[in-house]
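So the chains spell out like this:
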Amino acid sequence: MTGLKKNNIAAIIIAILLIIVSCTPEACFEETVAKVKVPFYLSSTQKAKAPDNLTIYGLNTGTDKIYADSKSVSPAELPLDPSTDNCSFVLVINGVSDTIVVAYDSYPHLISIECGYTYYHTTGVLSYTKNIIDTIIVKNTLVTTGNEENFRILY
Amino acid sequence: MRRISGYCTSILIILLSVSWEASGQTEPPDTVEIPLKIKIGAEVTGPVIYFIDRNNLNVEGFISADLNERYGVFIGGGFSDYKYSQYNYEYLSRGFFIKAGIDINFLRPEKSMGKYWAGAGLRYGLSSFNSEVPFFEYDNYWGSVTSSIPSSAYFGHYLEASPGFRAEMFRNFTMGWSVNIRRLIYSGAGKDLRPIYLPGFGSGSEKVSFGISYFFLWNIPYKKISVIVKKDEPAESEETAIQ
Chain A
1 MTGLKKNNIA AIIIAILLII VSCTPEACFE ETVAKVKVPF YLSSTQKAKA PDNLTIYGLN
61 TGTDKIYADS KSVSPAELPL DPSTDNCSFV LVINGVSDTI VVAYDSYPHL ISIECGYTYY
121 HTTGVLSYTK NIIDTIIVKN TLVTTGNEEN FRILY
Chain B
1001 MRRISGYCTS ILIILLSVSW EASGQTEPPD TVEIPLKIKI GAEVTGPVIY FIDRNNLNVE
1061 GFISADLNER YGVFIGGGFS DYKYSQYNYE YLSRGFFIKA GIDINFLRPE KSMGKYWAGA
1121 GLRYGLSSFN SEVPFFEYDN YWGSVTSSIP SSAYFGHYLE ASPGFRAEMF RNFTMGWSVN
1181 IRRLIYSGAG KDLRPIYLPG FGSGSEKVSF GISYFFLWNI PYKKISVIVK KDEPAESEET
1241 AIQ
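Protein sequence lines, in the order shown, are assigned to chains A and B.
Residues 1 to 155 in my numbering are what the first sequence spells out, letter by letter.
Residues 1001 to 1243 in my numbering are what the second sequence spells out, letter by letter.
Derived from the structure by calculation, the hints contain no laboratory data.
Glycine included, C-beta positions come from ideal geometry on N, C-alpha and C.
There could be a bad hint or two in this list.
Said to hold, decoys possible - From the structure, some residues in chain A lie toward chain B, with a derived Cβ separation under 8 Å:
no., residue
1, I66
2, D81
3, V96
4, L110
5, Y119
6, L154
Isolated chain A, as found in the complex (with noise of 0.2 Å):
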């Protein structure tokens, strides 16, 4: 039984150890922001089809845009502002311009110890020119990290 006695000393560096190892965290891997997915449909057919050419930028925003002229993008992610309740967005759907305001509420939510705290949105009323834009069809309204689809449009 002196083993049992040994073996406590031993154990008290180990654990000593292990519980400084275990403690330090690790870097972030996950996504960090919660956008709006919109994916893009032909509103004759009905199927998924990205636009040929995309440039979205936030209304009010100066020259930074989240798409510019950018191809085969589909669904679009469109991060939204917790500053505020909602967020209006050009979208230059293959050069014919519309603009989608959508309002929200924002509340944060935690992603992990490593990657700390997010916003996530509930969308609530959604409104939009028809420029291009045939519908907007609103799939979702639960903005987070994951991949979930939020408003379907049709053009």
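Given the structure of chain A, go ahead and fit chain B onto it with the hints provided.
Below, chain B without anything else, positioned relative to chain A:
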């Protein structure tokens, strides 16, 4: 990965110790006298870590009482003050926990003699704490937002299994250690603001947490019992089989 390898090392030490203790024993007596004890213990890794990392204080004590040579009842509790900060947020958690359950000694009475214990504890734990995020920063296309989440009270609970060892180092003074595997039942908060740290449990962002405890115990013998030693059945010889 480092955590997994750490716990594998601990389990290996447990297995080696059992096999070490099992070897080299003499013929056991027919009965052994086992002192039943009330044990008052304190966990020491928490205060030791506090000297290394002033952001995390965890103090824990417990009382356990032997019911017989194999089973004991356990009740423990503690206090935790946890702080964590990194580039994009700061987190505080402070509160108490209590846990209760049983201890099971897997050693044979003639080996344990009331001085040694190699077994497992099974416990149910309750954690009552306040959690706060004094600051967090969020960046996206629209810019940077700095905010906070005010302090709220939470009440979580969990299950714990604690395999480990104890040995009497001096008269009525025991030291021991255990590996603690905990399963969170409920964190006390919704899925959006899961607490990063629950007193008594550990990281609330995980469903399962691991830990190691090292403790000192003061033993108070209160009764002696005689326990019959179960001897291994000798293998049946050829001569016996002929008769």
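Results of checking the hints against the structure:
no.	hint	verdict
1	I66	6 Å, holds
2	D81	4 Å, holds
3	V96	23 Å, violated
4	L110	5 Å, holds
5	Y119	6 Å, holds
6	L154	25 Å, violated
The structure is inconsistent with the numbered hints 3 and 6, although it conforms to all the rest.
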